[in-house]
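Peer 1: Here are the chains, one letter per residue:
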Amino acid sequence: MFHRLSPDDPPVEQMVQSHKLRPLELLPWLAIVGAYFAFPEYLSLGSQILLTVVFALSLDLILGYAGIITLGHSAFFGVGAYTAGIYALHISGEPLSGLVVAALAAGLVGLASGLVILRTHGLTLLMLTLAFLFLIHEIANKAGFITGGADGLQGIAMQEIFGQFRFDMFGRTAYVYSAVVLFIVWLFARLLVHSPFGRSLTGIRENVTRMHAIGTPVRRRLVIIYTISAMIAGIAGALLTHTTQFVGLNVLSFERSGEIVIMLILGGIGRLYGAFVGAAVFMIAQDELAKADPVFWYFWIGLLLVLIVMFARGGILGLVDQARRWLRRRV
Amino acid sequence: MDFVSAAISIVFHGLAFAMVLYIISVGLSVTMGLMGFANLAHGVFAMAGGYLTTTLMNNHGVPFGFALLAAAITVALISIVLERLLYSRLYGAGELEQVLFTIGLIFMSVAVVRYIWGPLPQRMVLPEMLRGQLDLGFRAFPTYRTFLIAVSLALILALWLGIERTNFGAQVRAAVDNRRMAESLGINTGRLFTLTFALGSGLAALGGGLGADLLAINPAYAFEYLVYFLMVVAVGGLGSIRGPFVAAVLLGVSDTAFKYLVPEIGAFVIYIAVIGLLLWRPAGLFGRA
Chain V
1 MFHRLSPDDP PVEQMVQSHK LRPLELLPWL AIVGAYFAFP EYLSLGSQIL
51 LTVVFALSLD LILGYAGIIT LGHSAFFGVG AYTAGIYALH ISGEPLSGLV
101 VAALAAGLVG LASGLVILRT HGLTLLMLTL AFLFLIHEIA NKAGFITGGA
151 DGLQGIAMQE IFGQFRFDMF GRTAYVYSAV VLFIVWLFAR LLVHSPFGRS
201 LTGIRENVTR MHAIGTPVRR RLVIIYTISA MIAGIAGALL THTTQFVGLN
251 VLSFERSGEI VIMLILGGIG RLYGAFVGAA VFMIAQDELA KADPVFWYFW
301 IGLLLVLIVM FARGGILGLV DQARRWLRRR V
Chain C
1 MDFVSAAISI VFHGLAFAMV LYIISVGLSV TMGLMGFANL AHGVFAMAGG
51 YLTTTLMNNH GVPFGFALLA AAITVALISI VLERLLYSRL YGAGELEQVL
101 FTIGLIFMSV AVVRYIWGPL PQRMVLPEML RGQLDLGFRA FPTYRTFLIA
151 VSLALILALW LGIERTNFGA QVRAAVDNRR MAESLGINTG RLFTLTFALG
201 SGLAALGGGL GADLLAINPA YAFEYLVYFL MVVAVGGLGS IRGPFVAAVL
251 LGVSDTAFKY LVPEIGAFVI YIAVIGLLLW RPAGLFGRA
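Residue numbers (the working numbering), protein chains in the order written: chain V, 1 to 331; chain C, 1 to 289.
In case anyone wonders, no lab produced these hints; they're calculated from the structure. Predicted, not measured: the structure shown is a model, and the values here were computed from it. Glycine included, every Cβ here is placed at the ideal spot set by N, Cα and C. Hints are not guaranteed to be accurate.
[Claimed, not checked] Derived EDC-like pairs (lysine to aspartate or glutamate); straight-line CA-CA distance at most 20 Å:
#, chain 1, residue 1, chain 2, residue 2
1, V, Lys291, V, Glu255
2, V, Lys291, V, Glu138
3, C, Lys259, C, Glu224
4, V, Lys142, C, Glu164
5, C, Lys259, V, Glu41
6, V, Lys142, C, Glu95
[Unchecked claim] A few chain V residues that don't get close to chain C, going by computed Cβ distances all over 12 Å:
#, residue
7, Gln17
8, Leu63
9, Gly122
10, Phe132
11, Phe134
12, Phe170
13, Tyr273
14, Asp293
15, Leu317
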């Protein structure tokens, strides 16, 4: 288990106050605004990172808070990306309505699959998340008349946001657009995890028998959070479509599912900001290292996972916490 | 007549596929049942078996049978080291840790294998004896697949007899049923785990080598077929030895049938069937809920 009440955990008073905004929580936003001015030539990578944070946040809700282990989360990312692409091609190139439609489509798929797979647990649940992903991948592959099959969706042209801001070639609009969407998703996710509903999810993760015993409708709660998470993943997928104006089958790949889990673990799960740290560190490292030697990139990722599991189960932010506690004891 | 002939052909090819699936997956089922360990990297052992077998045959001229045996023993020995050094530390850990750890192992294996053997699938040159067709009296069957089915059935029989009739088998069954009770009776479960793990990995290696002509040996092997191995185990029921056999036959035959009869939607049917089946029996066909 990643989370267990221990002497190192904060006292109850702190837990009761934990929904209050701490100054440190502004740090990621300072970084995001700062990066816009500091690295103008890296803005397209920046918007990819931001939308990946949205995706990782959606995973954190189910994996980190509710404890649902999934290897098929890119199914919802992909449904969102394809829906946004098809909507832009055939109905309207207006981005905001595209986001909404993509979220709804992904949420619908999430609800349908959640109703089915959340009846199981353990290895079976894991296998079913994979089976669903492959199923949807296969549909996208075979339904070429609407998805473009292996060629993907090409020729997507986005309109201006609010009829004002055109997607420019420097990626400025894409960056700001992704950042604003991320901000809204973060606000919502933060509200959610500190609500009684969010707390009950943590309860389900920690001790499902007890939650049943006190009358929590466990499966219904899980299906709800699974659906919400699917919608947010769909929004992340739609952001990819809007910012790159292309959708390929790789949005539904197993690699994408695996990588997003790795990013979240790397940052630290069940703490919202793990998604920020993990996605940023992983993608910047990938941008720097993977181009030189893509084969060994995977070796290092694998080794990193093994090391995290063996020695640093809280990820980067867990290590930071440990370091802070250690310092506090010393001072 | 055409229909009958097609049906026979489907069942035959399906069975050959099923045998390979079963031999590879049975170890995973036992690891799950015995140690409660979600070893997603199980396919890595099968892949290693496939690479060792093909390399021994192609580059060193070792005969097929010896190459298989050598590969299985090597992989089993390596798996003992891995089990003692790494896996055993995570037996009590949560499912997420086990999943992450084994995915990490898969990633590393993909990189190492690509580094040594390159990205292309391995060539499997069958010995002269196993090529062509074998006439069984009423019709001819591909020799390799007939051999595959025969060898696998013999292996499975030996495995089942071993589990049912030997002292070791009785200890394994006791530990799956009730580990604490088995321990209190003086069974050394730690050693049992190691031996069972090695046996399962060795079998997987054997399956990988035997089936190298069916499931192409390539760096992404462990990811590509993971969902098949998991389906066999989940449908069969965790911890069961026979459940996965029934599951593998069902899966192998129906997968072959649908891919042959309705290639446009072949892959869907199998996923939907598995999802439906697990809705009906979440613990699998032979699992205890």
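Peer 1: For every hint, state whether the structure bears it out.
Peer 2: Comparing the hints with the structure gives:
A threshold of 20 Å between alpha carbons decides the hint, and for Lys291/V with Glu255/V the separation of about 17 Å falls inside it, so the pair holds. Between Lys291/V and Glu138/V the alpha-carbon distance is near 29 Å, which puts this suggested pair outside the 20 Å criterion. For the given pair, Lys259/C sits about 17 Å from Glu224/C by alpha-carbon distance, which is consistent with the 20 Å threshold. Distance restraint check for Lys142/V and Glu164/C: the Cα-Cα separation of roughly 46 Å exceeds the 20 Å cut-off, and the hinted pair is therefore not satisfied.
Simply put, Lys259/C and Glu41/V have alpha-carbon atoms about 49 Å apart, too far for the 20 Å limit, and the pair is violated. Note on Lys142/V and Glu95/C: the hinted pairing is violated, with a Cα-Cα distance of about 34 Å set against a maximum of 20 Å. Non-interface status of Gln17/V relative to chain C is upheld: no Cβ of that chain comes within 12 Å, the nearest being about 28 Å off. For Leu63/V, the non-interface assignment is contradicted: its Cβ lies about 8 Å from the closest Cβ of chain C, within the 12 Å cut-off.
Not every C-beta of chain C lies more than 12 Å from that of Gly122/V, the closest at about 6 Å, which undercuts listing it as non-interface. The Cβ of Phe132/V sits about 8 Å from the closest Cβ of chain C, inside the 12 Å cut-off, so the non-interface label is violated. Not every CB of chain C is more than 12 Å from the CB of Phe134/V (nearest about 6 Å), against its label as outside the interface. Residue placement check: Phe170/V keeps its beta carbon more than 12 Å from all beta carbons of chain C (closest about 35 Å).
For Tyr273/V, the condition that its CB be more than 12 Å from all CB atoms of chain C holds, with the nearest at approximately 19 Å. A cut-off of 12 Å between C-beta atoms contradicts the statement that Asp293/V is not in contact with chain C; the least separation is 10 Å. At roughly 16 Å, the least C-beta separation between Leu317/V and chain C is larger than 12 Å, which holds for a residue marked as non-interface.
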